[in-house]
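Please assemble the complex out of the two chains, which come individually in their own frames, going by the hints.
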Amino acid sequence: MTSRPGLPGYPAEDRPFTRAMRADGRPAALDDYVAAGGYEGLRRAIADLQPREVTTLVTDSGLRGRGGAGYSTGRKWSTMPLGPDAPRPKYIVCNADEMEPGSFKDRFLMERNPHVLLEGMLLAGFATESDEGFIFLRAQYDASYAALKGALAEARERGYLGEHILGSGFSMDIELHTSIGRYICGEASAMLNALESQRPNPRARPPHMTGAGLFSRPTVVNNVESYMAVPAIVRHGVDWWKALSIIDEGGTKIFGVAGRVANPGCFELPMGVPMRELIEVHAGGMLPGYALRAVSPGGASTSLVPADQVDVPLGFSTMDEVQSRLGTGTLVLLDDQTCPVGMTLNMMQFFAQESCGWCTPCREGLQWMAALLEDVEYGRGRPGDLEMLAEGVWFMQSDKCFCDLAPGATQPLESALRLFPDDFARHLAGGGCDYRRHGSDAPALKGTTW
Amino acid sequence: MSLTDDEIRQLDGILGHYPDRRAAAATAMRIVQARRRWLSDEAIADLGEYLGLTVAELDGIATFGNMVFRKPVGRHVVLVCDSFACWSLGYAELRAAVEAELGVGMGQTTEDGRFTLLPIVCLGACDRGPAMMVDDELHGPVAPGQVPGLLGGYS
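Residue numbers (this note's numbering), protein chains in the order written: chain A, 1 to 450; chain B, 1 to 155.
So that you can see chain B by itself, here it is in the shape it has in the complex (with noise of 0.2 Å):
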């Protein structure tokens, strides 16, 4: 059992904001992924067996939400805005800018571990397009000549 004392501390917490215990495999695998970035085949395992529920149950839901990372990320994950306001206001632009700054395509993580690079669909920012998240930070509208200065921002 990999979870630390910590974790099931704060995954008790959350059992009774649900009426069953599998019904809190969504929130319980936020907080774990929240405390090591993503969930590994271990993690998925020891959560399964925490909230009474098999791997395959538990892998068929974080496979389904594209918010769980079941591959290692950088320690900063980059999502770029590629519906159709995002897109008419000038999404391959920003896309390119921030390819070249970090040096990798979407899909993949910068050499250093410092960024992951991942597409996204509407932002619910069309007012503020091209739009991209880093973390939990939402930037529009970004030019390109902006991405540098931006991403420098994140170590």
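Next comes chain A alone, as it looks inside the complex (with noise of 0.2 Å):
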């Protein structure tokens, strides 16, 4: 594992993700998290603040969903109904399925350090008077299930967890549930079926989740890094959160860098950090050979960022300026001896296996336009093609589709039309792909199960 947690130039004690991180690469057990200031939140929670001012925090803090969307994470809270006439049970749910392509921080998070987790999880139920949560985790995230179950036994012998939490009026367990697999499952709507045990199509909206989502009670989902911002922005406050961003939206995140570099992994750094420091310095830069292109900021459905816009912040409201989004800030870097084609190939094929096949747009379009792209890096395209994924591009964007996944699988062919129109031109005029790495075998299985 090369993903550390020590870095130049930034102190241990603003490092709130990664802090009570082990140097052995174990998971931080109860008492390392304690030692490191671990749920004093909770215990300032309980102790000092009602649970709207709980909300009121996380909606000062700037705080924005980390699984991508950047939605207000307090905004999100602060419509959860209150008090004695709400409905009940309400539930606090963990989007832990991270299957996004290119997306790699929640699996270091939770291995690493499962109590903060935890501790981010009770300060929802605590804020929002919940009942109880789940941890909506990957299949094929062992190493996370049992650093969670770890830390689930710990919490709950301890007291930070389940009936009269440190002794207060306040209760709350949580369940480890673990995916059947499948990509929409992280779409939340369809993942609260998924808990249900009904097939996971994303359900319409409204109802908004918050008023009806799993089992019909008033629910909370975000994503495994958003929960663990929320205690140390209680425990020290919002002004002290906001101090640790170079840009105005607050905190710290883990960033993190694929590709042909000398130093891959991920890296709590913060939030408006430039991308080229997090490639050049952090991930050491280039390996010898290899020059940089484009590169995919935040999983495979954000637009590529061509090399020479590497200078951008790397932030929520920042990522505009490269025609892009933040997503959930995991660089993969497309270097000069990949095909771009090629690369944006994988990832369309990848949607269109993915499609859960419930609206026609999504599950008839995705796949011509894969069909397509793969007449394209093969030399069977054809003149007018380009023109034509253009168009899905633009009718997937148009409103016509029941949920993000088909509007999210056109971004990096979007960006890729606009920033390598001689490469897709060259593989039309040439007869396909010259790359030393190019193609795709990756829909070896399309239309079986097993």
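Don't take each hint at face value.
[Said to hold, decoys possible] Using C-beta positions, here's what the derived DEER-type ranges look like:
# : chain 1 : residue 1 : chain 2 : residue 2 : range
1 : B       : 96        : A       : 434       : 18 to 24 Å
2 : B       : 12        : A       : 289       : 56 to 62 Å
3 : B       : 20        : A       : 237       : 38 to 44 Å
[Claimed, not checked] Beyond 12 Å from chain A on every Cβ pair, some chain B residues (computed):
#  : residue
4  : 1
5  : 2
6  : 12
7  : 35
8  : 101
9  : 113
10 : 151
11 : 154
No lab work stands behind these hints, which were simulated from the structure alone. Treat the numbers as computed from the prediction; the structure is a model and nothing was measured. Just so it is clear, CB atoms sit at the ideal spot from N, CA and C, and this is done for glycine as well.
Given below as structure tokens:
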């Protein structure tokens, strides 16, 4: 494991996500976590704060959803019904599905620092007067499962979880639920269906989940890293959190770099760190013999950013400048020896395969677009194919799909068509791909189930 | 009813974690699969009876999840990540090495019943690509030359 919490230039006390992590790579135990100030936020909330005040802190901190959508966490919580007349039970659900290709931060966080997730979910439960939590964990995250299972047992035994937490009137338990797989389960409403063991198609909205979510009860759904941000905000306050970031969004974030760099991994850095610093300083820069061409900034459904725009600060509000989104903030690098058409094809095949099949544009359209793109990559392209792909991008964006899968699927393609017109033209004119790394074998089992 | 007493005891133990019986279906399938490696038609029918679901309802969930196996698998399941980060870091070479070592292609099981090879979408280990899993263990980055030694560790 190359990911490490220790970084030059940023003091440990300013790293709320990784501070409690152990140097030996094992999950931080409860004692490790408490020694680093863990569960102090929960203690403070229980002793000194009203539920609404916790939500206000989170809203004022500016915390936005770290699963990629970037919606205000506090604003979401504030729509949960409170008081004696609210429907019960109410649920806190953690989206730990992390199946977006190119996303690899939640695994790192859960394997190394599981208690901060539990504390964050407990604070969400306290703030919204909820009764029970569920962690919806990806099937292949066995090491995360073991870390969380251990943390839940420790927390329960030491009175941080269960009935009368820390001797107070607040009670909440957390269940760890492992998925049986499929990308669409990471879509928040599909995840609720999956948790209920319904077929996990997305749900229509409204109603919003905070009105009628899991088992039709009020439910908060947030990403792993969103919950993990909350303990430090409650413990240290809004001003401290805001001072951590370089831009005005507040806090630090787990960023990642994968690709042909010297030092791939996950890094906790201030929100607003320039993409260039992340790649060149923390990830050690490109390996000899490789040059950077573009960056997928935060998962397969974010638009590619060209190499000449990597000075952009990484934040939710700043990525518009480069016509992309922050997404999950885990970078995957496209180097000069890898075909941009082939890489885009790989992503499109993924989305076509993972469409849940519920709505027609996604079920049929993505298959057609993947097939067209495959023709281009393999030298079977015809005049007009690129225009038809561009039309597909437009169509999927235009509010004709049931959920965000298909609109997201077209982002890398839209940006590749925009950034690499010469590559596409060369594929069409020259009979296919001339890169060392090209094509895709991804659809090996297309159309079959196991 | 093919469910064993031991399986039923474990299934009974999880029912309390969900507000209704049918909501336990996904976890129930994982429990039985962990013991039998895959879920036969008979297993689905018996689990349906236990949970109060029709075969069609339960199979509708089972066939949606890519980690529910409705066909026999080998003693070890090998998953090779084919998403774009691993793809750009040498997925094709890794896959070829695994196929050569096992003598089977994607979706197949070795004749001795030792390994089943399956594709998998992003394992969330992009910084360790190209990555693969054998059962519950993640490996990465894996160079093609390391494949024989790695797979040799699973009997």
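Hint by hint, here is what the structure shows:
no., hint, verdict
1, 96/B x 434/A: 18 to 24 Å, "holds (21 Å)"
2, 12/B x 289/A: 56 to 62 Å, "holds (59 Å)"
3, 20/B x 237/A: 38 to 44 Å, "holds (42 Å)"
4, 1, "holds (21 Å)"
5, 2, "holds (20 Å)"
6, 12, "holds (16 Å)"
7, 35, "holds (15 Å)"
8, 101, "holds (17 Å)"
9, 113, "holds (16 Å)"
10, 151, "holds (18 Å)"
11, 154, "holds (15 Å)"
Taken one by one, the earlier hints all hold for this structure without exception.
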